[in-house]
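A.B. asks: Protein sequence lines correspond, in order, to chains C and E. Following this note's numbering from start to finish, the first sequence increments by one per residue and tops out at 418. Following this note's numbering from start to finish, the second sequence increments by one per residue and tops out at 522.
Heads up, a few of these hints could be off.
Unchecked claim - Taking CB as the label site, the calculated pair distances span:
| # | chain 1 | residue 1 | chain 2 | residue 2 | range |
| --- | --- | --- | --- | --- | --- |
| 1 | C | V263 | E | H289 | 57 to 65 Å |
| 2 | C | D369 | E | H289 | 21 to 29 Å |
| 3 | C | R197 | E | P302 | 40 to 48 Å |
| 4 | C | D358 | E | Q284 | 38 to 46 Å |
Unchecked claim - To give an idea of the chain E side of the interface with chain C (calculated C-beta under 8 Å), a few residues:
| # | residue |
| --- | --- |
| 5 | D39 |
| 6 | D383 |
| 7 | P394 |
| 8 | K438 |
Keep in mind that the hints were calculated from the coordinates and are not lab data. None of the values given here were measured: they were computed from a predicted structure. For every residue, glycine included, the Cβ atom is placed at its ideal position computed from N, Cα and C.
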Amino acid sequence: MSLAAEEIKTCCVAAYGSPAARVLLGDSFHPGGLNLTRQLIRPLALGCRSVAVDVACGPGRSSLELARETGCTVIGVDLSAANVAEAQRAAEVAGLADRLSFLVGDAEALPLEAASADGALSECALCTFPDKRAAVRELARVLKPGARLALSDMTADVARLPDELRTLQAWVACIADARPLDEIAELLGGEDFVVESLDRHDNALVQLLDRVEARLKVLAMTAAMSSGDLERGSSLIALARDAVAAGTLGYGSVIARRS
Amino acid sequence: MAVQPARKVDRDEVFLELTRSICPVCKRVIDAEINAKDNRVIMRKRCPEHGLFEALVYSDADLYLAQQRYNKPGTLPLEFQTEVKDGCPLDCGMCPEHKQHACLGIIEVNTSCNLDCPICFADSGHHGPADGYSLTLEQVDFMLDRFIAAEGDPEVLQFSGGEPTIHPQILEFVALAQSKGIRSVMLNTNGIRLARDRRFGEELAKLKPHLYFQFDGFERETHLAIRGKDLRADKERGLDRAAELGLTVTLVAAIEQGVNEHEVGEIVRFGIRHPAVRSIAFQPVTHSGRHVEFDPLQRLTNADVMKLVAAQVPEWFALDDFVPVPCCFPTCRSMSYAFVDGDTVVPFTRLLEIDDYLDYLSNRVVPDYDVRHALEQMFSSSATPGAEKALLACESCGIDLPAELAHLEQKVFMLIVQDFQDPYTLNVRQLMKCCVEEITPDGRLIPFCAYNSVGYREQVRAQMSGAEVAPVVPNALPLQSLLQPTRFGSKTVAG
Numbered sequence: 160m161s162l163a164a165e166e167i168k169t170c171c172v173a174a175y176g177s178p179a180a181r182v183l184l185g186d187s188f189h190p191g192g193l194n195l196t197r198q199l200i201r202p203l204a205l206g207c208r209s210v211a212v213d214v215a216c217g218p219g220r221s222s223l224e225l226a227r228e229t230g231c232t233v234i235g236v237d238l239s240a241a242n243v244a245e246a247q248r249a250a251e252v253a254g255l256a257d258r259l260s261f262l263v264g265d266a267e268a269l270p271l272e273a274a275s276a277d278g279a280l281s282e283c284a285l286c287t288f289p290d291k292r293a294a295v296r297e298l299a300r301v302l303k304p305g306a307r308l309a310l311s312d313m314t315a316d317v318a319r320l321p322d323e324l325r326t327l328q329a330w331v332a333c334i335a336d337a338r339p340l341d342e343i344a345e346l347l348g349g350e351d352f353v354v355e356s357l358d359r360h361d362n363a364l365v366q367l368l369d370r371v372e373a374r375l376k377v378l379a380m381t382a383a384m385s386s387g388d389l390e391r392g393s394s395l396i397a398l399a400r401d402a403v404a405a406g407t408l409g410y411g412s413v414i415a416r417r418s
Numbered sequence: 028m029a030v031q032p033a034r035k036v037d038r039d040e041v042f043l044e045l046t047r048s049i050c051p052v053c054k055r056v057i058d059a060e061i062n063a064k065d066n067r068v069i070m071r072k073r074c075p076e077h078g079l080f081e082a083l084v085y086s087d088a089d090l091y092l093a094q095q096r097y098n099k100p101g102t103l104p105l106e107f108q109t110e111v112k113d114g115c116p117l118d119c120g121m122c123p124e125h126k127q128h129a130c131l132g133i134i135e136v137n138t139s140c141n142l143d144c145p146i147c148f149a150d151s152g153h154h155g156p157a158d159g160y161s162l163t164l165e166q167v168d169f170m171l172d173r174f175i176a177a178e179g180d181p182e183v184l185q186f187s188g189g190e191p192t193i194h195p196q197i198l199e200f201v202a203l204a205q206s207k208g209i210r211s212v213m214l215n216t217n218g219i220r221l222a223r224d225r226r227f228g229e230e231l232a233k234l235k236p237h238l239y240f241q242f243d244g245f246e247r248e249t250h251l252a253i254r255g256k257d258l259r260a261d262k263e264r265g266l267d268r269a270a271e272l273g274l275t276v277t278l279v280a281a282i283e284q285g286v287n288e289h290e291v292g293e294i295v296r297f298g299i300r301h302p303a304v305r306s307i308a309f310q311p312v313t314h315s316g317r318h319v320e321f322d323p324l325q326r327l328t329n330a331d332v333m334k335l336v337a338a339q340v341p342e343w344f345a346l347d348d349f350v351p352v353p354c355c356f357p358t359c360r361s362m363s364y365a366f367v368d369g370d371t372v373v374p375f376t377r378l379l380e381i382d383d384y385l386d387y388l389s390n391r392v393v394p395d396y397d398v399r400h401a402l403e404q405m406f407s408s409s410a411t412p413g414a415e416k417a418l419l420a421c422e423s424c425g426i427d428l429p430a431e432l433a434h435l436e437q438k439v440f441m442l443i444v445q446d447f448q449d450p451y452t453l454n455v456r457q458l459m460k461c462c463v464e465e466i467t468p469d470g471r472l473i474p475f476c477a478y479n480s481v482g483y484r485e486q487v488r489a490q491m492s493g494a495e496v497a498p499v500v501p502n503a504l505p506l507q508s509l510l511q512p513t514r515f516g517s518k519t520v521a522g
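Bound conformation, chain C alone (with noise of 0.2 Å):
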């Protein structure tokens, strides 16, 4: 990648924190939706003494769900002031603001004390972080030995995928610098964690492309986009689908204890 780590992050977050984002991703900012989320959230076995962080928040929608499963007070963080801003509200609006709060901060160095968590969550992103080692010493540092971190990302043999699907505009889409599932488990497996369990959820992936396919068409349809952005997106889709059928693009989730 030739592109600077900041100019990524940047980017990252006008996109998360963008309307078009909102709008194509829907109620979901990753592949499973609700329900991988609370699949993921139950192995981190949390009660309501528990705290967890929820890293790259989002407009907090699992980090609401992780308050509401488990009792539990949350602390998300997400590079985004927007992001951070709307999931505050949506706390307030459920009443739970008093268990939930957000930081806007890097995953890279998290505003958070050391051994302060009991479990932590991050869905879809580490793929965006730059400097992933670094991502990993930070959710090291925050845990509390023996908690657990769940964790689920896009999971892409990178070199066999198509040009297309390697350019900044799928940076963003969470595809060009995700890496193989074992490689994540690799990443995680150092001396700071315990790699649990690993799953594939390939399908999620191609649910949540046929989501914003559909979403793209009723775009067009308001003509609130171009037919030829229309169909710029579609042949990205296209291409997703056949990565995701040919094995080099996928949706993983990585259960690990802190040692």
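Guided by the hints, dock chain E onto chain C, whose structure is given.
C.D. replies: Chain E in isolation, oriented as in the chain C frame:
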């Protein structure tokens, strides 16, 4: 020598529920088992006098069970019309044990019709005036008032029959219902008068009721089998007339096995392209009233019709684009909404995760209650085209559809699949939550399937006409030796 102990054998079905039903022959209330076998859901019941009955309830057990989650707690009406005395389904209605208010009220304005279809749950036709009835304006006024007393702010009223458009006062009835503030007034019709009577069309256009337009397919054989006549030219003219006059239409297709199953896809394509048509209601033929001989274990159910749509229009719809309707019992009705622009059709289910909002059984917080409320209005028995507006206008909503969509009303299309119960399949568990009610001339609100299956229709017809009306028995294969025709074309039992 050792004796081998006898081996116990497992049953070949899963027992799902014990409920109540009726004997299809004598209509007495009897217990009924619901079992799943080979992924089919089957009702089994025994009448002490008439023996064992089995009927297919739903042809996909997985789907049947999955849909149970979409069971919204009912809403109490403002008023019940009867008391609990003998228990469901003998106290209709509504009695205070009924679990849901009326989303949709039906007034049958007459029993006569300009057709004599081989299939008619209302047993209507060209019979003499002494065999039926025709409501007066005073009667309709009273019935509307009873409906309003029960509902306060009624959602949908449908005028039906017979053929309501041949009632000389039908326009006055529509105007009266509208003047009472009922939100949506629908007119059920076979379309013949609209096709042939210019003046009638013009008068109707002034009132603009939504038309519930019988439309079963494109083939001559389909028309002959279901309607007894080739009505293709009338249907085409009627629909074109509706478009000219600015009337909106729901196509209502009765689907029967071996008759028009193959036409489901073409009906969808035709409806989506026709300027007057906003929605299509598919109904597996109801085996109440008059119908051709059928096998209760081989009938069509909602699952079959949804699968036919998915198989015949795969470019637009898939099975999971249909959402069970939570206001009634969720296995009775499923619906799908889609955005349409030329040949691009995008079902709503592709845009948001409806499961997250309409699962009422899991003890979970819904992501956004405004979205749930809007979805409840869309996926309801009272939904008429335009019901999606609440969702699209929902500002706070977490699904983030672009605001421009709210103005695309004419581009939203609705598909409904509705299975009505008959004397074989009647299940009080479903019936007690029914939200489609027949309003009777004496002011009761009777669940549609109870009205057609339990004997209420015959009672009302006898009361209103003064004629004797034989209890109708399904024209089912296993009952053939018992049956004899009634003078309306339906069947009854000898003796």
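A.B. asks: Of the numbered hints stated previously, which ones are contradicted by the structure, given in increasing order?
C.D. replies: 5
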